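Top line first, the protein sequences correspond to chains A, B, C and D. Residue numbers are given in the numbering used here: position 28 of the first sequence equals residue 28, and the series is strictly consecutive. Residue numbers are given in the numbering used here: position 106 of the second sequence equals residue 106, and the series is strictly consecutive. Residue numbers are given in the numbering used here: position 55 of the third sequence equals residue 55, and the series is strictly consecutive. Residue numbers are given in the numbering used here: position 37 of the fourth sequence equals residue 37, and the series is strictly consecutive.
Keep in mind the hints are simulated off the structure, nothing from the lab. This one's a predicted model, so the numbers in the text were calculated from it and none came from an experiment. Among the clues, some could well be false.
As a list, the in silico DSS-like pairs of lysine-lysine whose alpha-carbon atoms are at most 25 Å apart [to be verified]:
1. 121(D) - 103(C)
2. 121(C) - 103(D)
3. 67(A) - 131(A)
4. 44(C) - 83(C)
5. 67(B) - 83(A)
6. 98(D) - 121(C)
7. 75(A) - 44(C)
8. 67(D) - 83(C)
9. 98(A) - 121(B)
10. 67(A) - 83(B)
11. 121(D) - 98(B)
12. 79(D) - 75(B)
13. 41(A) - 75(C)
4 protein chains.
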Amino acid sequence: MYSTFETEITIRPDDIDLNNHVHNTKYLDYVQAARYEQMIKEYKMSMEDFHSLGYNWVASTAHIEFKRALTLGDKIVVKTQLKSYSGAQVVVDFWIVKTDSQKVAAEGYLVYTMISLSSGKPVRLPEEIIKKYTV
Amino acid sequence: MYSTFETEITIRPDDIDLNNHVHNTKYLDYVQAARYEQMIKEYKMSMEDFHSLGYNWVASTAHIEFKRALTLGDKIVVKTQLKSYSGAQVVVDFWIVKTDSQKVAAEGYLVYTMISLSSGKPVRLPEEIIKKYTV
Amino acid sequence: MYSTFETEITIRPDDIDLNNHVHNTKYLDYVQAARYEQMIKEYKMSMEDFHSLGYNWVASTAHIEFKRALTLGDKIVVKTQLKSYSGAQVVVDFWIVKTDSQKVAAEGYLVYTMISLSSGKPVRLPEEIIKKYTV
Amino acid sequence: MYSTFETEITIRPDDIDLNNHVHNTKYLDYVQAARYEQMIKEYKMSMEDFHSLGYNWVASTAHIEFKRALTLGDKIVVKTQLKSYSGAQVVVDFWIVKTDSQKVAAEGYLVYTMISLSSGKPVRLPEEIIKKYTV
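With the sequences and hints as input, model every part of the structure.
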């Protein structure tokens, strides 16, 4: 089991939709924003660092189950955890949790593929990166 | 097997992200925009019609597999097909297809739950709605 | 001269556009997010409080001058200041400032109109609200 | 007086905000989407064509007056008209018009600056481009 990382996200008015709740696709944007920050703070290897090495991360699969609506006043935290890695891919589980009630608003997973910036093709994860990620 | 419906979507500049491609969560917005239009044109029962009956549809699960990047100039069509229904839910399969090459840019499914506008609770699909949807 | 309020905004990956900068319309979303928070923290009268009184605020005019591009790593603060009020409207000046360099990334103003939630028509600002806002 | 160009825009569910109307900053995205299409269809010089020449267009000022709310079912057309040009800049007036009533939902202008892709600095508009734009 790998570490679980947490990132607070501030819900913005422009995230709210016609049902007066956070728009459903924004949940995935929150997770990706959290992940972006965790690359810097937790893995000490930012997206820009990957770019400098000629790599990029792209989402290959997104799966999300919506459990509870989020509203503009809600405080939330995004938790993520590396589940597994293989070839050019990592599977990252996530949970969006309401801070006050500790109830899960949504959960799911993202499969990210590391690609070469120049060719756009998947690149097998180097040992060095696996080491950094499997903490 | 139920009918497959098709809706053309116009990619907008504000859909493009830092990788110069359509942002990954926008794919799901395209599917939902297509579905919204198909409710009117294909099922002859718009979201507003559901609201008038005291119902609303919310996404319970979204699953998407990204196959090909989309760029600003791409012409795309969203295809959807009811896969199954049960209780208060429908499962809708979708494909985002590049018009020129007929290649699939993404595919997946959405589980939608019909809820009561007043209580927010799931409502078992009435026969009348099942009949309209199972075409 | 009325008080200047400051709110930190976190730039998210989904705010970045095809030029690899914060998308230009997101600047206005940042200002409105800041303003929303300032209603709670500074005026002690949240948007929800206005709603309870049967009022709503809508933007009537937005004017923004873009001075510097913002990128994903930038730290920013939104400063706003009530400039004037009249009838049903307030004019709010704003500046988006890069925290590190203290350089202005954008500046402009928003004209907000207070409307009745039921009729949608403008409502002359009551003395009580003017008093709260002219601090 | 230069030509007025028209582009139909389809309002998407993800454009709708907490007031059940098109979110105010989306209006500017519609104008920019229209302008992007008009570059191809009307000026026969797409954004990509500008990029190939080493140029890019960025918004320097946006001014918009909101006249009427737009809802999900509304049909709209964006009209734009070059107002003037000078140095590296063009001023483009715009109107968002509801197709059914022909009423203006919003109007304003955008100042666009042509910059060098490599230096990021403004580039005086070449005669050739002025000629294409002043139709």
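Taking the hints in turn, this is what the structure says about them:
no., hint, result
1, 121(D) - 103(C), "18 Å, holds"
2, 121(C) - 103(D), "18 Å, holds"
3, 67(A) - 131(A), "34 Å, violated"
4, 44(C) - 83(C), "19 Å, holds"
5, 67(B) - 83(A), "22 Å, holds"
6, 98(D) - 121(C), "20 Å, holds"
7, 75(A) - 44(C), "18 Å, holds"
8, 67(D) - 83(C), "22 Å, holds"
9, 98(A) - 121(B), "20 Å, holds"
10, 67(A) - 83(B), "22 Å, holds"
11, 121(D) - 98(B), "36 Å, violated"
12, 79(D) - 75(B), "23 Å, holds"
13, 41(A) - 75(C), "15 Å, holds"
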